[in-house]
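S.K.: Residue-level listing of the chains:
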Amino acid sequence: MKFPVKPYRLPDDKQQAIARAKRLSWITIGFMLSIVVVIGLTMGSSEAMKAVWIEDILSLIPPIAFLVGTRYFDRPPDDQFPYGYRRAVMMAFLTAAVALLGFGLYIFIDAVMTLVLVEPPTIQTISIFGRRIWLGWLMIAALVYSVIPPFILGRMKQPLAKELHQKALQTDANMNKGDCLAGLAGVIGIIGVGFGYWWADAVAAIIISLEILRDGFSDLQHSVAQLMNKRPSDIDGKPDPIPDKVQHELERLDWVQRARVRLREDGDVLTGEAFIVPRDEADLLNRLRNAYDVANAVDWRLHDVNIVPVRSLE
Amino acid sequence: MNQMNLKRSILITFLALSVFGCATLPRDPKETLRQIHARPMRVGLVEHPPWVVRTNGEPAGVEVDLIRNFASELGTTPDWHWGGEQEQLEALQHYQLDVVIGGLTDRTPWSKYVGFTSPYFKETYHVALPPGSQLQNIKGTEVSVEKGDPVAAEVESKGARVVRVDDSSNVNGPVAAADWKLEQMSFTVTNEELDSLQHVIAVPPGENALVKRLDEFLYTKRFEMKGLLQQQVAKR
Numbered sequence: 097m098k099f100p101v102k103p104y105r106l107p108d109d110k111q112q113a114i115a116r117a118k119r120l121s122w123i124t125i126g127f128m129l130s131i132v133v134v135i136g137l138t139m140g141s142s143e144a145m146k147a148v149w150i151e152d153i154l155s156l157i158p159p160i161a162f163l164v165g166t167r168y169f170d171r172p173p174d175d176q177f178p179y180g181y182r183r184a185v186m187m188a189f190l191t192a193a194v195a196l197l198g199f200g201l202y203i204f205i206d207a208v209m210t211l212v213l214v215e216p217p218t219i220q221t222i223s224i225f226g227r228r229i230w231l232g233w234l235m236i237a238a239l240v241y242s243v244i245p246p247f248i249l250g251r252m253k254q255p256l257a258k259e260l261h262q263k264a265l266q267t268d269a270n271m272n273k274g275d276c277l278a279g280l281a282g283v284i285g286i287i288g289v290g291f292g293y294w295w296a297d298a299v300a301a302i303i304i305s306l307e308i309l310r311d312g313f314s315d316l317q318h319s320v321a322q323l324m325n326k327r328p329s330d331i332d333g334k335p336d337p338i339p340d341k342v343q344h345e346l347e348r349l350d351w352v353q354r355a356r357v358r359l360r361e362d363g364d365v366l367t368g369e370a371f372i373v374p375r376d377e378a379d380l381l382n383r384l385r386n387a388y389d390v391a392n393a394v395d396w397r398l399h400d401v402n403i404v405p406v407r408s409l410e
Numbered sequence: 002m003n004q005m006n007l008k009r010s011i012l013i014t015f016l017a018l019s020v021f022g023c024a025t026l027p028r029d030p031k032e033t034l035r036q037i038h039a040r041p042m043r044v045g046l047v048e049h050p051p052w053v054v055r056t057n058g059e060p061a062g063v064e065v066d067l068i069r070n071f072a073s074e075l076g077t078t079p080d081w082h083w084g085g086e087q088e089q090l091e092a093l094q095h096y097q098l099d100v101v102i103g104g105l106t107d108r109t110p111w112s113k114y115v116g117f118t119s120p121y122f123k124e125t126y127h128v129a130l131p132p133g134s135q136l137q138n139i140k141g142t143e144v145s146v147e148k149g150d151p152v153a154a155e156v157e158s159k160g161a162r163v164v165r166v167d168d169s170s171n172v173n174g175p176v177a178a179a180d181w182k183l184e185q186m187s188f189t190v191t192n193e194e195l196d197s198l199q200h201v202i203a204v205p206p207g208e209n210a211l212v213k214r215l216d217e218f219l220y221t222k223r224f225e226m227k228g229l230l231q232q233q234v235a236k237r
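Chains F and V are the protein sequences, given in the same order. Here the first sequence is numbered in the working numbering, starting from 97 and rising by one per residue. Here the second sequence is numbered in the working numbering, starting from 2 and rising by one per residue.
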């Protein structure tokens with residue numbers, strides 16, 4: 097079945113941005129895997145390091161979700177999916193948000209348990225060139241390594257997420273921020289343990305887990321709202337001005353008496369209806385076609401905004 | 002200019018901290034290492050020959066000797082306490098003892114509750130034969146194991162038949178035992194590796210200065226362990 101709707105195509109510069117975002121996600125996966133290996137080698141019997149290790153495995157989920165989502169989202173509509181595959185990235189957003197929230201919860205619960213059960217971490221030594229070196233120093237080195245790639249990658253993803261309105265990518269950047277914070281908390285914790293303050297580790301973890309939980313919770317809220325077709329919002333959750341712009345553009349047409357626009361987010365794309373009250377019914381089919389083009393041309397993210405002529409808005 | 006100075010002072014602080022850090026850190030939350038300079042070291046003993054051997058007089062055994070040496074290196078004396086493993090480790094968990102020895106290995110399920118040193122001696126178990134004989138196929142062969150030695154399970158899983166004996170050093174046939182012991186018996190070690198145990202010593206949880214000091218001490222003894230074990234068995 098064919099519909100009189102052109103399949104959506106991202107502008108060329110955005111296509112390039114998406115390709116970059118995908119590349120960054122692959123790089124993230126590569127670095128996170130290497131971090132998982134390095135932390136795994138130095139963790140010994142330290143529970144705190146084991147927690148960092150599990151967190152790093154969890155932080156593989158958002159980039160994987162983003163890559164899976166963006167693999168499908170550009171496919172043209174077919175008989176089975178007449179609206180296309182655009183919403184695949186919304187699933188990625190939800191998955192990434194759940195992973196981020198789980199990540200924060202895990203750190204929080206683990207740290208609270210350590211404090212409640214009074215488990216001072218015992219960190220041994222290993223021999224390097226015939227000297228016994230406290231493993232804590234090696235753990236710090238591993239943690240510092242684990243902080244740098246997510247810090248840089250997160251910074252690189254943020255502007256792309258904003259440009260592309262890819263909220264799954266934004267959540268991935270938040271996860272990178274969380275990785276960074278968790279690694280720094282780990283460093284502070286191990287230095288604390290070195291000075292004999294065994295609880296330093298857990299306290300640092302609780303503080304950073306609150307920040308991660310805040311991000312995770314707001315991302316989860318945001319992604320659920322998006323699936324519920326909440327009115328469009330930008331990457332930070334602020335109301336998107338595009339629906340008002342479309343309404344304004346339509347009302348500028350001389351044959352339009354009033355317009356009312358209702359949009360929702362299909363991933364990065366906005367779609368929905370514009371209800372129009374025409375002044376008269378002359379040449380309506382052509383005018384509607386023109387209104388359709390005007391509405392969809394307001395922004396690159398608009399696609400298939402349908403014009404619905406009505407007698408009144410009541 | 003200012004930024005240069007800032008960078009330099011950060012670098013100097015960092016270097017100073019790392020020199021200072023490596024020398025005096027880690028510290029003990031409960032100061033065990035500092036305290037045992039001033040009072041006897043409370044040592045929990047769990048009978049486990051040849052590591053910890055109960056006699057009528059002073060305790061004996063390889064780990065007992067190690068701890069005796071360690072104590073004198075620290076300028077203190079050991080105060081021995083005999084007991085069962087659970088009791089001793091619970092006392093250790095609550096800082097009522099300073100060290101527990103008893104042939105413990107890193108497979109211990111206690112690592113969540115108490116601290117352990119790094120493995121200081123690897124004890125590998127093999128099947129070995131009297132000089133001159135040869136092993137065709139381990140499947141179905143009768144292999145002697147000392148009564149109660151858990152390595153019997155590994156022998157069985159290789160398909161051999163386990164013969165439980167009181168003393169494996171009197172056996173004239175295939176034997177499963179630790180390498181240091183087989184060497185003492187002048188048996189020929191086969192390729193059939195059965196198990197490998199990493200020996201550790203238990204310390205109170207989180208006492209990282211004590212762990213480091215004890216690790217350093219045990220590391221200096223790493224080449225003597227085999228000889229000490231063999232001496233211990235020879236004495237019996």
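Hints were generated in silico from the structure; no laboratory data involved. Mixed in with the good hints, there may be bad ones.
Label pairs and their calculated CB-CB ranges [stated by the list, open to error]:
hint, chain 1, residue 1, chain 2, residue 2, range
1, F, G136, V, T14, 47 to 53 Å
2, F, R171, V, S197, 28 to 34 Å
3, F, V299, V, Q36, 21 to 27 Å
4, F, V212, V, E88, 49 to 55 Å
5, V, S197, F, I153, 27 to 33 Å
6, V, G160, F, I153, 35 to 41 Å
7, F, I229, V, L136, 40 to 46 Å
8, V, A39, F, V212, 51 to 57 Å
9, F, I153, V, A235, 48 to 54 Å
Only a predicted model underlies this, so the values are computations on that prediction, with no experimental measurement involved. Note that CB positions come from ideal geometry on N, CA and C, so glycine has one too.
S.K.: Is it true that F/V212 and V/E88 lie within 49 to 55 Å of each other by Cβ?
M.R.: About 25 Å separates the Cβ atoms of F/V212 and V/E88, which means 49 to 55 Å is violated.
S.K.: Can you let me know if the beta-carbon spacing of V/S197 and F/I153 is within 27 to 33 Å?
M.R.: 29 Å, holds
S.K.: Look at the Cβ atoms of F/I229 and V/L136 and judge whether their distance stays inside 40 to 46 Å.
M.R.: 42 Å, holds
S.K.: Given the hint of 35 to 41 Å, is the C-beta distance from V/G160 to F/I153 inside that range or not?
M.R.: 38 Å, holds
S.K.: Determine whether the Cβ-Cβ distance between F/G136 and V/T14 falls within the hinted range of 47 to 53 Å.
M.R.: Given a distance of about 32 Å, which is not inside 47 to 53 Å, the answer is violated.
S.K.: Honestly, do F/R171 and V/S197 meet the 28 to 34 Å range at C-beta?
M.R.: 54 Å, violated
S.K.: Between F/V299 and V/Q36, is the Cβ distance one that fits in 21 to 27 Å?
M.R.: Since F/V299 and V/Q36 have Cβ atoms about 26 Å apart, the given range 21 to 27 Å holds.
S.K.: Taking the CB of F/I153 and the CB of V/A235, does the distance hold inside 48 to 54 Å?
M.R.: 51 Å, holds
S.K.: Could you tell me whether the CB distance from V/A39 to F/V212 stays inside 51 to 57 Å?
M.R.: Violated, since V/A39 and F/V212 (Cβ atoms, about 33 Å apart) do not stay within the stated range.
Comparing the model with each earlier hint shows violations of hints 1, 2, 4 and 8; every other hint is respected.
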